[in-house]
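Chains as they are written, first to last, in my numbering: chain A, 1 to 66; chain B, 67 to 203.
No lab work stands behind these hints: they were computed from the structure. Any given hint could be a false lead.
Unchecked claim - In silico DSSO-like cross-links for lysine-lysine, where the CA-CA straight-line distance does not exceed 30 Å:
(1) B:Lys138 <-> B:Lys85
(2) A:Lys37 <-> A:Lys6
(3) B:Lys138 <-> A:Lys37
(4) B:Lys85 <-> A:Lys37
(5) A:Lys47 <-> A:Lys37
(6) B:Lys138 <-> A:Lys6
(7) A:Lys47 <-> B:Lys85
(8) A:Lys47 <-> B:Lys138
(9) A:Lys47 <-> A:Lys6
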Amino acid sequence: MNNHLKSLRGQRGWSQAHLAELLEVSRQTVISIENGKYDPSLPLAFKIARVFEQPIEAIFEDDSTA
Amino acid sequence: MKLYNLLPESASAPEAARKRYFNRTMWPGFAAIGVVVVFVNNQDTVWAGVLVAALIPLMFIYLAYEFIVLIKAMDELQRQIHILAIALSGAFTALILSSIGLSLAALEVDLWLAPFAFPGLLAGYYIALLVIAWRYR
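Produce the entire structure from the sequences given, and follow the hints as far as they go.
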């Protein structure tokens, strides 16, 4: 699954540590999601969408639709 | 290098989990080492044997409890890494010890392997943590 987490975070000028704090996860988890090494659970994906005030499909996209 | 970096995937664990690890897991660990040292220096006495026999099951129950609390305090990726590591380590330790045990039995060598189970599990857990955490980098 691809995601736009890094660019969205960059647009807001947030650090990975700050985003991790907002999402209540570790910084390593944010890094892994940004690098596409880990696909978050649905609850975490919803939380990410709420933090960025975007629909989930604007942040994550399936490989087959990319 | 900070001390808690020695345990993979714990360096960025929530602050509360790290503090708990230091205060409630590491210090009892040092106390357990102290008990072993006392036992080694008093092997001929009955009380030392009784003390160690009583403390060993309590120590394992306490470690299991602390492990569950630590896992619950982690986020979903860290939890996945730790659970996968302990599962792989358990499976490999059981497989290796069983293989060695059967081979030794076939060779009629009398060696008690049970004491190696827990250290083997911990060693495998640590190695698995390093490998699995590295895959998520």
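Hints versus structure:
1. For a cut-off of 30 Å, the pair hint linking lysine 138 (chain B) to lysine 85 (chain B) stands: about 14 Å separates their Cα positions.
2. For the hint pairing lysine 37 (chain A) with lysine 6 (chain A), the CA-to-CA distance comes to about 13 Å; that is within 30 Å, so the pair holds.
3. Our distance criterion of 30 Å between C-alpha atoms is met by lysine 138 (chain B) and lysine 37 (chain A), whose separation comes to about 22 Å.
4. A hinted pair counts as satisfied when its Cα atoms are at most 30 Å apart, and lysine 85 (chain B) with lysine 37 (chain A) qualifies at roughly 28 Å.
5. This hinted pair checks out: lysine 47 (chain A) and lysine 37 (chain A) have alpha carbons roughly 19 Å apart, not beyond 30 Å.
6. Our distance criterion of 30 Å between C-alpha atoms is met by lysine 138 (chain B) and lysine 6 (chain A), whose separation comes to about 28 Å.
7. Of the pairs offered as hints, the one joining lysine 47 (chain A) and lysine 85 (chain B) holds, with about 26 Å between alpha carbons and a cut-off of 30 Å not exceeded.
8. Under the criterion of a C-alpha separation no larger than 30 Å, the hint pairing lysine 47 (chain A) with lysine 138 (chain B) is consistent with the structure, at around 19 Å.
9. Between lysine 47 (chain A) and lysine 6 (chain A), the direct Cα distance comes to roughly 16 Å. Compliance with the 30 Å bound is thereby established for this hinted pair.
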